[in-house]
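Chains as they are written, first to last, in the working numbering: chain A, 1 to 242; chain B, 1 to 277.
In case anyone wonders, no lab produced these hints; they're calculated from the structure. Incorrect hints may appear among the rest.
[Stated by the list, open to error] With the Cβ distance kept under 8 Å, some of the chain B side facing chain A (calculated, not the full set):
#1 Ser3
#2 Val5
#3 Leu35
#4 Pro38
#5 Gly40
#6 Pro56
#7 His59
#8 Asp65
#9 Arg73
#10 Leu85
#11 Pro89
[Unchecked claim] In silico negatives: residues of chain A with every beta carbon more than 12 Å from chain B:
#12 Met1
#13 Ile5
#14 Phe25
#15 Val108
#16 Leu116
#17 Val119
#18 Leu140
#19 Val168
#20 Thr196
#21 Leu225
None of the values given here were measured: they were computed from a predicted structure. Glycine is no exception: its CB is placed at the ideal position from the N, C-alpha and C atoms.
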Amino acid sequence: MTPAISFPRLTLVELRKMVDTRAGFWLQLTTAVLTLAVVILFCVFGETQDLIFRDMFALAILPASILLPIIGILLVSSEWSQRTALITFTLVPKRMRVMGAKIAAGVVLGAIVVVLALVTAVLAIAIVDGAWTMGPKVFLQMCVLLVTALLSGIAFGAAFLNSAVAVVLYFALPLVFGIAGAIPFMDSVADWIDTTRTTTPMTEGVATGAEWARFWVSMGVWMALPLAIGLYRIARGEIRAS
Amino acid sequence: MVSDVSFRCEPGTVTGFLGPNGAGKTTTMRMLVGLSAPDGGHSRVLERDYHDIPNPGRHVGVLLDAAAQHPGRTGREALTISAQLMGVPTSRVDELLTLVGLDRSAAKKRVRQYSLGMRQRLGLATALLGDPQVLILDEPANGLDPEGIRWMRGLLRDFADRGGTVLLSSHLLSEVEAVADRLLIIGGGEIKADGTRDELLSGSGVLVRATDPRELENALHSAGLTATPADGGYIVEADAETVGRAALTGGVVLTHLAPTESAGLEALFFELTETPA
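Only chain A is shown next, with the shape it has when bound in the complex (with noise of 0.2 Å):
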């Protein structure tokens, strides 16, 4: 029998089905646009001390970290919402298989952005004669926030296996859970899940202890939580379009 292609070319070919739709083609170049625009933005109304190759690094990432994990839900949402999950896993029958291709897509894409991300700020930093200031733990982080983001998309993908409402409740659950956070009891909750108040000491500058543990409880929560669900209902579940 015909042996089956490698997990490395079945990581390709997910990669492919992140740019070879019309939504995936025109998310990663809206995407560019942007960072373009506010790296350009920053060089030119920023002020001087701020022009630091740390900080235009983090901001070359944020437009990625806010729209490229609606690519990570796609990826997956499609299959079921597009109805293509049909023809992918009865070509690819090993359902961890096809996921395990999807995650590693995911830190693939989170790889290439970090180094596009790089060269901008490279770049822009030589351009304007800014400092050459960052550490290498910070920018450790930050790829770290990145690729979180990433998987985070994958695995709202998955838990819910419908493009629409993942893509809608991976921005508005967060969001309502920041506002929560203002109520008095919530607080110190918050501060454990609010990916808002957990991520923000990650690009600010070298993390504590305490602060890693805040920030890989609320992926816990955003990230491995729906993955658990997405990958159970997925290895369980008869593969049906929505």
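With the hints as your guide, set chain B onto chain A.
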């Protein structure tokens, strides 16, 4: 819901899976390819559990729903994705586009703009892409024009004649009758009939007429056959040879001896799949 559905498809044959909408054809096919899990029983494709075929696209061509394509991809892109998942060279994509009659401009269009017939052709192209030995096709003729249906029949006949195994479903008898070697009729989640066209028809008896009806009735009676008067003769629940021999023994001159055309395959199909009120 299906229960107790057992059948086997042999290489070199086309099996027509017939039944009204909602009879369980799709469910059965989904279980065959592992998209749904049965509560009990098992299915094998090429003597294996479908999940244990490492690269199923190269052995089993599947078309379950022609509408199940991303509308934002072009026809060529949809095929390219499938080709990569199977590990077949991209040149196969062009071969298949030509084979199913999707020309250059059609291949460049997004699937959103496709008619159902074009999606059906794209689905067949996906199924045939990996040069499989088995084809499992759910309602492949849906949306095809008469010319398209004839083309598909030729394609499937040729595929089976080269040793392939085809299972195709339809709710329309006329679509299947002309191409299937064997018919499998499902109704209400159960297999109602399973056999070649002739076998199924012979089950409904023969119509026999003779120059002397009274003598014929006697002859049939002495041969132990039940004869029901109809249409200037008798309908007998037996095959033509048995009736012929009974007539010979009784010295009766027959004027007509043939399967009961009045029943016909269509009547049989409706009769077998009808749900009791």
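Structure-based check of all given hints:
no.: 1; hint: Ser3; verdict: 17 Å, violated
no.: 2; hint: Val5; verdict: 17 Å, violated
no.: 3; hint: Leu35; verdict: 4 Å, holds
no.: 4; hint: Pro38; verdict: 11 Å, violated
no.: 5; hint: Gly40; verdict: 16 Å, violated
no.: 6; hint: Pro56; verdict: 6 Å, holds
no.: 7; hint: His59; verdict: 7 Å, holds
no.: 8; hint: Asp65; verdict: 6 Å, holds
no.: 9; hint: Arg73; verdict: 6 Å, holds
no.: 10; hint: Leu85; verdict: 4 Å, holds
no.: 11; hint: Pro89; verdict: 12 Å, violated
no.: 12; hint: Met1; verdict: 6 Å, violated
no.: 13; hint: Ile5; verdict: 4 Å, violated
no.: 14; hint: Phe25; verdict: 9 Å, violated
no.: 15; hint: Val108; verdict: 16 Å, holds
no.: 16; hint: Leu116; verdict: 24 Å, holds
no.: 17; hint: Val119; verdict: 29 Å, holds
no.: 18; hint: Leu140; verdict: 33 Å, holds
no.: 19; hint: Val168; verdict: 20 Å, holds
no.: 20; hint: Thr196; verdict: 32 Å, holds
no.: 21; hint: Leu225; verdict: 25 Å, holds
Violation of the numbered hints given earlier is confined to hints 1, 2, 4, 5, 11, 12, 13, 14; the remaining hints are satisfied by the structure.
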